[in-house]
Amino acid sequence: MAADARRHEAARARWLVSGPPLLYLLVFFAAPTLIMVLASFRSPGEFGGLAPLRDDTGALDLNVDAYVRFFTETVYAQVFVKSLVFALVTTLVCLALAYPLAALIARSPKKSRDILLLLVILPFWSNFLIRIYAWMILLGPNAALARAVNGVLGWFGAGPVPLLFSSFAVLVCLVYVHLPFMVLPLYANLEKHDPALLDAAQDLGASAWQRFWRITFPLSLPGVYAGAALVFIPALGIFAIPDLLGGPDDTLIGNLIKQQFLETRDWPFGSVLSIVLTVSALALVGLAAWLGRGATRGAERVGA
Amino acid sequence: MPLLDIRNVTRRFGDFTAVDGVSLAIEAGEFFTLLGPSGCGKTTLLRMIAGFDLPDAGQILLDGVDLAATPPERRPVRTVFQSYALFPHMTVHGNVAFPLQMAGTPARDIPGKVAAALEDVRLTGFDRRYPHELSGGQKQRVAIARALVTHPTMLLLDEPLAALDAKLREELQIELIHLQREAGITFVYVTHDQTEALALSHRIAVMNKGKVEQLDEPSVIYRFPRSRFVADFIGQCNLFSGPIRANAAGAVTLDVEGLGAVKVAAQTALAAGAPASIALRPEQIRIGAGDAAAPADNRYEGTVADLLYMGDVTVYRVNTAGGARVEALLANSQTGRAKFFEPGDRVVVDWPAAAGHFIED
Ligand SMILES: Nc1ncnc2c1ncn2[C@@H]1O[C@H](COP(=O)(O)OP(=O)(O)O)[C@@H](O)[C@H]1O
Ligand SMILES: [Mg+2]
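Each protein sequence line maps, in turn, to chains A and B. The end of the first sequence is residue 304 by the numbering used here, with every number in the run present. The end of the second sequence is residue 1361 by the numbering used here, with every number in the run present.
Think of the hints as simulated: they come from the structure by calculation, not from any bench. No experiment lies behind these values; they were computed from the predicted model shown. Don't be surprised by glycine CBs; every beta carbon is placed ideally from N, CA and C. It is possible that part of the hints are untrue.
Simulated DEER-style distance windows between Cβ atoms [unchecked claim]:
#1 Pro109/A <-> Lys1211/B: 27 to 33 Å
#2 Asp114/A <-> Ser1135/B: 50 to 56 Å
#3 Leu88/A <-> Thr1124/B: 56 to 62 Å
#4 Asp114/A <-> Ala1116/B: 45 to 51 Å
#5 Ala31/A <-> Thr1124/B: 31 to 37 Å
#6 Arg107/A <-> Thr1124/B: 34 to 40 Å
#7 Ser1135/B <-> Ala31/A: 48 to 54 Å
#8 Leu23/A <-> Pro1037/B: 37 to 43 Å
#9 Val285/A <-> Ala1116/B: 41 to 47 Å
#10 Leu25/A <-> Ser1135/B: 38 to 44 Å
#11 Thr1124/B <-> Val285/A: 38 to 44 Å
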């Protein structure tokens, strides 16, 4: 049958197109994850890395020692909670800063929009580490910012505080680095809103605040969720920023993982930390999606 | 005192004047229509009444009070938008309840009012649907229910039926007439569709290039258009123009190219030689085979150039011997006969002087 042949043809074309990316994900994402899961049940090698899979007697050397360590020693849970708090604060601050900015861009004339968007992604044009080093200079003890802050504090009789190598510096930089990831999905959403809806709401008696709270904000929730996920997940695992800008107390889960692999060379424990990180990120994003499942009903059809 | 008094309202965009010195007085309980071609300023005028836009000059008074300082959310008027503008994230119930919530209606009274409004537009039982689960006609009904639920003083409708197909449009037109009569709310209706305007309205303001050309009842607008624009825009119309040849005893004769003398019953102060026009509806023209030599004020021979068979009626386009084009309309009421003439047939068209309408240019 010609119709059957056509359908087969279409199916083959679909596989041809989606095959390479699927294969890529399988090889470079699924396989490392499996290796990591396996590694988390093995023993650390004497000089780092992993001990042989079979011990001297030839028995399989698989155990849950690394998991036990994570769940019994409270210091790891503390670092984990601290990482969650940092990621959450970063997400909320990004949301608060990005929303007005995205709304402004979405409402500006078409011509200036492209330029404003370009400015938002402009930081990506320079290297990530260079931008963090720039913050080291900006927050450094001799920079104008630190002098101004400490000058004001001095007036009130408070001692000088260091801005650099503190939780404050880490948070400032986390927000700075992740802000574009919140702005872009929010802008993409807000830009699609039908202005007639706001006219209609106003016509029906809604004040400016009611128009925002009842129309714009609920319709923008898909963008808020997308932006929150794009900020929260990378912020949760970040290590470079606390490494460079944080104080001794600002070790986050990402730093722990890096330490296990590069310094302590305890691969099984590093794997456990990675797995806990991935699972909790997935669980939190899933929980947020589940909680918000009703809220975005119909909101995907902005302007229907 | 009229309910809505629009005085000399002008609105400019750059050096383009979208609404140009419009004055209108709309009475309470009226079904008032702004009719005109696309771009003539209807929406701009409506948006100024709703408060989304402000006049550059002139005043808009509601119940004698100037609205200039009242923002849209505090005006007792409601708009039904052409795009419906239903809130996509709210159910039908949520949409209709919205203006009640904004007005601070006690929560326990809301379900009853929403149900009553939905019943008025025959949408009982659709409360829990989302807008994307409704057809175009149903969306429009929700938009109307949402606008009427708070019993506003005035409802503004901007081409509300333009996106619907012909059959549904007719159905909704009849519902709108009923709704307006029963609710007793003043409707200001915007359309570019002259049949819709004629069918619905108590009074029509015909607009052209930002100005009101004529304001009258539908039958008067149709029968006695005041300008060539109105005659041409409202319904099918033959327009004959030329200088006045004679003007005596209530009858004016024009010299029309391709026809010669055309006589029309009219009183005018214009002297011979002045340019003027005659508007003549196709249904006022008699078309025959030429055998019945009944004397008529205007009688011309010609051939059928083409015809438009429309079921109930057929429109014949006749080329006269002098080269003019006359459109005549014949009802197909005679059983067993669909068309009386074929293209190429020789015919005679005639009409009495009283059939035409004289327009001073
Ligand atoms: N905000 C605006 N800026 C510039 N021109 C406008 C604006 N709104 C309307 N116009 C112009 O005013 C004219 C009348 O528009 P409108 O009132 O929408 O016409 P209608 O509703 O009768 O089709 C149009 O030529 C339109 O291009
Ligand atoms: Mg319009």
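Leu25/A paired with Ser1135/B, Cβ distance criterion 38 to 44 Å: holds, 42 Å
> Should the hint that Ser1135/B and Ala31/A are 48 to 54 Å apart at their CB atoms be regarded as holding?
Replying inline: holds, 50 Å
query = Does the Cβ distance between Leu88/A and Thr1124/B fall inside 56 to 62 Å?
reply = violated, 46 Å
With respect to the beta-carbon atoms only, verify the hint that Pro109/A and Lys1211/B lie 27 to 33 Å apart. Holds - the Cβ-Cβ distance for Pro109/A and Lys1211/B, about 31 Å, lies within 27 to 33 Å.
Worksheet item: So the hint says 34 to 40 Å: do the beta-carbon atoms of Arg107/A and Thr1124/B match that?
Response: With Cβ atoms ~39 Å apart, the hint holds.
Next item on the list: Determine whether the Cβ-Cβ distance between Ala31/A and Thr1124/B falls within the hinted range of 31 to 37 Å.
Entry: Violated - the Cβ-Cβ distance for Ala31/A and Thr1124/B, about 59 Å, lies outside 31 to 37 Å.
Pairwise beta carbon distance, Val285/A to Ala1116/B, judged against the given window 41 to 47 Å: holds, 44 Å
For Thr1124/B and Val285/A, compare the CB-CB distance with the range 38 to 44 Å and indicate the outcome. holds, 41 Å
Has the hinted range 50 to 56 Å been met by the Cβ atoms of Asp114/A and Ser1135/B?
The hint (50 to 56 Å, Cβ to Cβ) is violated, given that Asp114/A and Ser1135/B are roughly 38 Å apart.
Regarding Leu23/A and Pro1037/B, is the given constraint of 37 to 43 Å on their beta-carbon distance met? violated, 59 Å
Pairwise beta carbon distance, Asp114/A to Ala1116/B, judged against the given window 45 to 51 Å:
About 49 Å separates the Cβ atoms of Asp114/A and Ala1116/B, which means 45 to 51 Å holds.
In summary, the structure is inconsistent with hints 2, 3, 5, 8 from the numbered list given earlier, while agreeing with the others.
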